[in-house]
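So you can see what is in the structure, the chains are spelled out below.
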Amino acid sequence: MTQSKYATDYSAAEQMVVSAARQIEGNDVVYVGVGLPMQAGVLAKNLHAPNSTIVIENGIVRASIFPIPRATDNLHSQSYAEQLSGLFYVMCLAQAGYINTGFLGAGQIDRYGNCNDTAVGDYRNPIHRWQGSGGGNDVMSFCGRTIIILEQTKRRFLEKVDFNTCPGYLDGKPGRREEIGLPPNTGPAVVITDLATYCFEDGEMTLKTVHTGCGVTLEKVKAEISWDVKVADDITDTEPPTEEELNVYHEKIEAVLRSYGPRPGAAPPSAQAQGNPR
Amino acid sequence: MNKITTMKEAISKNLKSGDLLFLGGAQHGAPSAAVHEIVRQKIDHLTVIALLSNTNLLIAEGLLDKLLTGFTVMEEKRSYVIRRAKAMNKLPIFEEYSHFGIALALFAGYMGLPFMPTKSQIGSDMPVYNENIKSIESPFGGGQIGVVKAFVPDVGILHVQRCDAEGNAQKWGTLGVDHEGINASKKIIISTEKIVDSGVIQRDPNRTIIPGFRVSAVVEQPWGAYPVHLAGCYTDGPNVFGAMANEEAYDIYMQEAVYGVKDWNEYLANLKAKNGEDFFDKIKIQNPAMSEPVITGY
Numbered sequence: 180m181t182q183s184k185y186a187t188d189y190s191a192a193e194q195m196v197v198s199a200a201r202q203i204e205g206n207d208v209v210y211v212g213v214g215l216p217m218q219a220g221v222l223a224k225n226l227h228a229p230n231s232t233i234v235i236e237n238g239i240v241r242a243s244i245f246p247i248p249r250a251t252d253n254l255h256s257q258s259y260a261e262q263l264s265g266l267f268y269v270m271c272l273a274q275a276g277y278i279n280t281g282f283l284g285a286g287q288i289d290r291y292g293n294c295n296d297t298a299v300g301d302y303r304n305p306i307h308r309w310q311g312s313g314g315g316n317d318v319m320s321f322c323g324r325t326i327i328i329l330e331q332t333k334r335r336f337l338e339k340v341d342f343n344t345c346p347g348y349l350d351g352k353p354g355r356r357e358e359i360g361l362p363p364n365t366g367p368a369v370v371i372t373d374l375a376t377y378c379f380e381d382g383e384m385t386l387k388t389v390h391t392g393c394g395v396t397l398e399k400v401k402a403e404i405s406w407d408v409k410v411a412d413d414i415t416d417t418e419p420p421t422e423e424e425l426n427v428y429h430e431k432i433e434a435v436l437r438s439y440g441p442r443p444g445a446a447p448p449s450a451q452a453q454g455n456p457r
Numbered sequence: 578m579n580k581i582t583t584m585k586e587a588i589s590k591n592l593k594s595g596d597l598l599f600l601g602g603a604q605h606g607a608p609s610a611a612v613h614e615i616v617r618q619k620i621d622h623l624t625v626i627a628l629l630s631n632t633n634l635l636i637a638e639g640l641l642d643k644l645l646t647g648f649t650v651m652e653e654k655r656s657y658v659i660r661r662a663k664a665m666n667k668l669p670i671f672e673e674y675s676h677f678g679i680a681l682a683l684f685a686g687y688m689g690l691p692f693m694p695t696k697s698q699i700g701s702d703m704p705v706y707n708e709n710i711k712s713i714e715s716p717f718g719g720g721q722i723g724v725v726k727a728f729v730p731d732v733g734i735l736h737v738q739r740c741d742a743e744g745n746a747q748k749w750g751t752l753g754v755d756h757e758g759i760n761a762s763k764k765i766i767i768s769t770e771k772i773v774d775s776g777v778i779q780r781d782p783n784r785t786i787i788p789g790f791r792v793s794a795v796v797e798q799p800w801g802a803y804p805v806h807l808a809g810c811y812t813d814g815p816n817v818f819g820a821m822a823n824e825e826a827y828d829i830y831m832q833e834a835v836y837g838v839k840d841w842n843e844y845l846a847n848l849k850a851k852n853g854e855d856f857f858d859k860i861k862i863q864n865p866a867m868s869e870p871v872i873t874g875y
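Residue numbers (the numbering used here), protein chains in the order written: chain A, 180 to 457; chain B, 578 to 875.
Quick caveat, the hints were computed from the structure, so don't treat them as lab data.
None of these values were measured; they are calculated from a predicted model.
It is possible that some hints are incorrect.
[Unchecked claim] Okay, the calculated bits of chain B under chain A, using three or more residues with CB under 8 Å as the criterion:
hint, segment
1, 646-660
2, 673-684
[Said to hold, decoys possible] 30 Å max Cα-Cα, derived DSS-like pairs, lysine-lysine:
hint, chain 1, residue 1, chain 2, residue 2
3, B, 619, B, 763
4, B, 861, B, 851
5, B, 861, A, 339
6, B, 859, B, 593
7, B, 593, A, 431
8, A, 352, B, 711
9, B, 771, B, 711
10, B, 859, A, 339
11, A, 431, B, 580
12, B, 859, B, 663
13, A, 431, A, 401
14, B, 771, B, 667
15, B, 771, A, 333
16, B, 851, B, 839
17, B, 851, B, 593
Think of the CB as a built atom: it goes at the ideal place given N, C-alpha and C, for glycine as much as any other residue.
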């Protein structure tokens, strides 16, 4: 790819969606939830992964392209699907090993990829409450590779999460997931934030790329993590969005979401549900 | 047997204080009219098992003792509903599962089994605080396996597109945990957009989600899921998440939708009077997709 293809003016949110969309390829079967994960799925279907299959929690399996819904289930995401069933069915697909890629938002994440969507502080007397697992625990428990998208702040990136809603590599010891009964060859694979992307090496979150194109530095990334993060030997700059990716994002995601208008009476979406840095 | 009745009677004759209640229609075809009638009748000390929340009104009115949930707003800073329940000292206990955990608890009930094995939730902290999720040694080798306790709701409520007078009910589109939840329930109330001749059901019997002999009451309630969408019928209304932002908006809404009207139909008529005769026409589906007829017979 030549340098001229890359956009020069883009936001961290756009970088997150584009980086997430690039995690979907070929014939992947992908579970997407509300917010940035849904945006990533729709973007990938419209760009480089037309043959991927998108699975939506309420029972939607679709190989055909569809307009982004406001949340997850609406008449647009339902209509002309290849299959409609229920949550039980799609989660059985996941538990039996047929969904290879899952996306999650998270309130907190820790060194070993465990995610908290439940409570800040003590569960019985929390400082803050999120809405809970939803399908998040199921996705993280079952999917071949899970990609977590969240805003990166020191308070969200902890040595150990306050509450483990969605199990990553637990205490980081090899084989711990299998030992407690989780399916083999599953777990968190990639973390995408508004500052950087991470992979997992031996179960430990490892800094892989920095969003230098958004003006982020390595120092800034490290300042927003509560432990001394492992850095990959081949750490590099995050590949910026291309002009084409941004154009499709603006047309197929941003414009469509805007056309739905505001939601009267709705509380502002939580960071957990959205994974959104704005 | 003809089971057609009014919403008022369907609720008052079948749902009692203290019941375990399943509410279907998560994200799609919520039983909105039925929930508003429960509130109108102030049936309290309920435990509800449901996916996501069409439970806001029940919480806000202090009618829930417990909510078995996978995902619901619990933060009082973000929710007038929670603040209101707390102020009355009637905040329900939240018993937390994953979404699949809720589905499995209902599926076990539907199967008539005490629990269902699963690989979900066992790696999390949820079992620490929820005694209905445990890990056991698999009797067939392979180490640990999770188990989720069964739930058999006393009453299940589902809103569907069509149903006959006997209660043979058909729903299509996404089903969330509708199939598991309604089949797990002991007493069943069906609210339906339309009551149809039994022949309509019998010519397409694979679509029946619950057979008539299992159903206690049938209520014809057009726009019964409003403002939530329902496949083949209507899309989301303009006020899809309800006016729950603050006390003022809440009180206005409760007056308009619950206490100031005798039933859902009066609420709907008032919405039309206020917003124009074409208010509901605007959310009817615009581009229906017709399936090819499914041929049965001999």
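So, going through the hints one by one against the coordinates:
1. 646-660: Satisfied; 10 residues make the cut.
2. 673-684: holds (count 9)
3. B:619 x B:763: The hint holds at about 21 Å.
4. B:861 x B:851: At roughly 18 Å apart (the allowed maximum being 30 Å), residue 851 (chain B) and residue 861 (chain B) satisfy the hint.
5. B:861 x A:339: Violated. Residue 861 (chain B) to residue 339 (chain A) sits at ~49 Å, over the 30 Å cutoff.
6. B:859 x B:593: 37 Å, violated
7. B:593 x A:431: The hint is violated at about 49 Å.
8. A:352 x B:711: Holds, at roughly 22 Å.
9. B:771 x B:711: 43 Å, violated
10. B:859 x A:339: Violated, at roughly 50 Å.
11. A:431 x B:580: This hinted pair is violated, its Cα atoms lying about 48 Å apart.
12. B:859 x B:663: 38 Å, violated
13. A:431 x A:401: Not satisfied, since the Cα-Cα distance of roughly 34 Å exceeds 30 Å.
14. B:771 x B:667: Between residue 771 (chain B) and residue 667 (chain B) the Cα gap is close to 37 Å, so the pair fails against 30 Å, i.e. violated.
15. B:771 x A:333: Between residue 771 (chain B) and residue 333 (chain A) the Cα gap is close to 54 Å, so the pair fails against 30 Å, i.e. violated.
16. B:851 x B:839: Since the Cα atoms of residue 851 (chain B) and residue 839 (chain B) sit roughly 17 Å apart, the hinted pair holds (cutoff 30 Å).
17. B:851 x B:593: 35 Å, violated
Comparing the model with each earlier hint shows violations of hints 5, 6, 7, 9, 10, 11, 12, 13, 14, 15 and 17; every other hint is respected.
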